[in-house]
Structures are given as structure tokens and as C-alpha cells.
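Please put together the full structure from these sequences, using the hints given.
Each chain is listed here by its residues.
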Amino acid sequence: MARAVTTQRKIAFTAAAWLIGLLIFFPILWTFLTSFKTEGEAIASPPSFLFFDWNLSAYEAVNERSDYPKHFFNSVVISFGSTALALLIAIPAAWSMAFVPAKRTKDVLMWMLSTKMLPPVGVLIPIYLIFRDTGLLDTRLGLVIILTLINLPIIIWMLFTYFREIPGEILEAARMDGASLKSEILHVLTPMAVPGIASTVLLNVILAWNEAFWTLNLTAANAAPLTAFIASFSSPEGLFYAKLSAASTMAIAPILIVGWFSQKQLVRGLTFGAVK
Amino acid sequence: MGRITLNQVTKSFGDVNVIPPLDLEIDEGEFVVFVGPSGCGKSTLLRLIAGLEDVTSGRIDIDGQDATALPPAKRQLAMVFQSYALYPHMSVRKNIAFPLKMAKMDKAEIDRRVGNAAKVLNLSDYIDRRPGQLSGGQRQRVAIGRAIVREPAAFLFDEPLSNLDAALRVGMRLEISELHNRLKTTMVYVTHDQVEAMTMADKIVVLNAGVIEQVGSPLELYRSPRNTFVAGFIGSPKMNLFGEAEAAKHNAATMGVRPEHIQVSAESGDWKGTVGVAEHLGSDTFFHVHDTGLADDPITVRAGGEVSLHNGDTVYLTPEADKVHRFDADGARIA
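In the order they appear, the protein sequences are chains A and B. Just so we're aligned: the first sequence equals residues 1 to 276 in this note's numbering. Just so we're aligned: the second sequence equals residues 1001 to 1335 in this note's numbering.
Think of the hints as simulated: they come from the structure by calculation, not from any bench. All figures in this text were calculated on a predicted structure; none of them were measured in a lab. Each hint should be verified, as a subset may be incorrect.
To give an idea of the interface, some chain B residues facing chain A are shown, with a C-beta separation under 8 angstroms as derived from the structure [to be verified]:
| id | residue |
| --- | --- |
| 1 | 1050 |
| 2 | 1052 |
| 3 | 1073 |
| 4 | 1146 |
Glycine residues also receive a C-beta, built at the ideal position from the N, C-alpha and C atoms.
Rendered as C-alpha cells:
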């Protein structure tokens, strides 16, 4: 017997879902609200929720003190650049692991994942020295390279999982139809894996956009992305919550909007109807 | 075009030897069916011909040229898969056009050929749909369409009908046979269904554990199976095989009689038994006769549709003397 879905039950579930959603979203909302307060209101106790004097003074101060467009540009270059570079390496890698596995493929996958278990700070000094000696410090190229390497294991794992869902017979059919390896990956595998690749891209862009450890440690002024822009507002002389919130809002807004719009695309996916 | 020769071909997966050295000739324009029980290596053999698997040793020639090391794309063969293996993100039109696009054919020629194939296969109405919106039979037709547009040297079919329901299977069987009559292109067809093999093949290759048991026309295999394996595999219902005393009378270790070569009588005959299950099909009746003393398994007999014998009735069976098959202790046919 199907479970009876009563109106009351529906209301209860909806309310619970909204509650949990709001709970998760609250820190972002609070940051957003705080960014429109003055420094005084930002630390007022008890805090005011909506009824304060909304003003843009924090944003004005932030824009006066730093160059937001430059940081934004750096973030875009670094996150999209590292994602594109990683995909270029990860698609063929995941293809070979998913469709022509060797004896040690599982071990290689585990080994790649194990590199993510290493605390990054453990390799900070060697990487810093390498970057210094090769002139990559505080360059966008340097950050693209390091973030590509940092996220590559996750990208390969994700693509590997998606590719494995694709029936090997379809790729064999492409081979029988005269497709070269390049055509097979370009015309058959990639379009079929579009939903998987899209979610991988989105996740990686978010990870790279938010990555703070390497971007803070390997940049100074030229290549600093938005993470460094936020960090510059948590100063040792005391916290300026309104300005910090304004900077944070400006930093996370783009990625939040991108995520919001692409989620439908990601969820929808292509229907696989070729194989019974 | 379309002559395939296998010379001492072997295939091992790791330590497992799937195909011991095997020789086979497939002539131009022939419809050859590989048949055998699951795991007999028939699909592996097809994949070796296709180039989807590499041979462990031996040589495969296609139209007189050594194709052993050629990738599938270069072998001029087209394949229809059991799962259809259509490209789900492409319309029917693009699916069928794909091999032509890969061959860098010009657009007008692609359109002409795709149009023709769609017409021949009754796909014109669905040409802009995606595979996901088609029924099983339509998908199978698209898969065949994709194979025929290329005008390949030979077609390879890997159990193409096993995902279809029974009625559709009979229809598609006919369509593929008609296609062969029209195109006169070599076809290599893998199936585990001996009815498909009998009805479609010019030449049947019976495989068992990677070894060719017999090669011949359907009727050759039916009339003179070379050993007990082929005898038991070809024909429906299966040939009755039994040994010991009765076989010794015919100077054989094992003797075999097909269900349709046994006379049934309620009064007299060579062997006496009891009717177990009687299957009335209308046109025929199949009796499973127990307690004949010939074998532990019941003897299957085919009689006319109107013979009325029922469970528990005593029945007398007489084999047609010239239709008795004799086999020696190794299971090989005694001429």
C-alpha cells in the first residue's frame, strides 16, 4: 500500500525543509545583511536583523581601499583556467581508466586520491621554493598550475565514475563505425558525458574559486584572487565586520549566481535511451 | 568483397584459453551463423573478426589482406550489437550518418544514403527522434541502418534479436534474411538460438568451448551431425540420445533419434513406455514418454496434432530405421 501523503504531512515536511535550508543559508544571509550596516551597527548587541539604517558605506570603503575588478579577474582566470587545464588531462585519463583498465588501475586511482589526504601545509615550503626559483610566485599561471594539480585527482575520480556509466558497447560501435580515438572521445564519449562533465566543471570552479590556502600563500599583489581580497580586510588592528562582510559578499556573489543558474542544468541531465 | 579467413587463431584472457587454434573460411556473400551454448566463445570469435579484441596468435585475412593488426575502424566491417549501442545524444538521422561522417563523405551523398536506409528500414517517420523515444524493434532497425549505409565488406551481428520479444524476433529474422538476399553482402551472425541459426544461415558453425564442432549447411547439420554435441544442439525439440543395450543392437555406443522420426502407436511397436507430459500445439503434439528403459530422461516424440494420448497412457514407439544416428564411444558419428 502506498503511504498516504496527507496535507498536514506535506506542510510539516515543507516547513522542515525550509528550516534546514535557512539554517544552512543563514551565515551567508547574515554576512549579506551585515555588509549594509555601519561598523557600529555591525557589532551592536543585541544585533538588529532587518531594521537598521541600510547604507553602502562599507562597500564604498572597500572599493576605495582595494581593486575589486583586478581580484575578480584573477579569480576568474585562476578558477576557469585551472578547470580547463585539468579537464584536458582528466578526460583522456578517465577514459583510459574506465574503458581500458589495466591490472593496477584501481591502485592508481587510490594513489591519486591519497595525495588529497596529505595536509597541503606539508608541501608548502618545497612548492614555495620551486615557485620562487621558477619565477611562478604571484603569477596567475603559477596558481593555475597548482590548482590544476590540487584538484586533478577529484576531477579524474568524478569523470571516471561518470564514464563508467556509459556502456562500453557504444564506444565499440563508434570504433566499428570508423571513428578514430579522437573522434570517439570528441563525438561520442564527451557529448554523452556532458551532464557529468558539467557538474565536474562546476564543482571544480567552486573549489578553485574558494581555495584559500595556496592562493593566499603563493600570491602577493599581482595574482591575488578574491580570497586574498577578503583576507586583506581581516586586519590585526581589530575586525571591521561591515567591511569584511561587504568584501565577502562581493567575493562570493559571482559564484553563488553561477551555481544558482547552473543547478537546473546539472540536475536535468541527458536521458540514456540507447541501451536496453 | 567480404571474404574472411581465420588461420590458426587463438585467444586467451590471462591464463584462460577461450579459443584454441581455430581455422575458418567465410566466403563472399555467405550468411554464416555462429551458434553454441553460452560461453562457447562465439561472441569472442566475432569480436576477434571485428578487431574489438586482439588475437593472441594466428592470422585474420579480410579480402585477402592481413587484417590481424588493423584497428576495427580500418577493417571495413559493420557491426550490430545486442544492446543496439546507439548514440543516445544523436537523432536517428545522425546515428545512421555517423559512419559516413567519420568516412568524411560529402554532405549530399550522406543525405542520399541516410534517406535510402531510412526508407528501406521504415524509419523515415522517426528520422529526427532520439533513440530514447523509439521502441526496441525501431532501435534495432536504426542499428541495422547504421551498419548498411557504409556498404561494408561484411556485417557482423552479435545476438541482435535477443532483446526483442518473441513476435518481433520472428519479424526481424525475416527482415535480416531479406536484407541479405537483397544486399548479397557477407553476414556473420552470432546466436545461441538454434532456430535462428537454422532459418537464416547458409552455413552454420557450431561452437563448443571455443572449438568448432561442425561446419555445414542447416540441413547437413540436421541430417548428419558429426557428433553427439551437434546432434543434441541442432533440432527442436532436441534429438533423443541413449546408450547401452539398445545402442549396442545397432553396433554403437550411443544412438540418437529425432522426435519427429519416431512413430507413435497405442497398440504395438519396438519400445513401450508411459506418456508423461503431452504438449498439444494444434499442428503437432509433443509427448514426453517415460519408463522406456532406454534412458533415464524421458524420450521426446513428435506426433500429429490430432493424436489423442494422455498422461498415464501406455504408448509404443518405433524409430524410423533409416533415420537412426549412431555414435561411437567418443561421441563421433559412425557413418
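How the hints compare with the structure:
no. : hint : verdict
1   : 1050 : holds, 6 angstroms
2   : 1052 : holds, 5 angstroms
3   : 1073 : holds, 4 angstroms
4   : 1146 : holds, 7 angstroms
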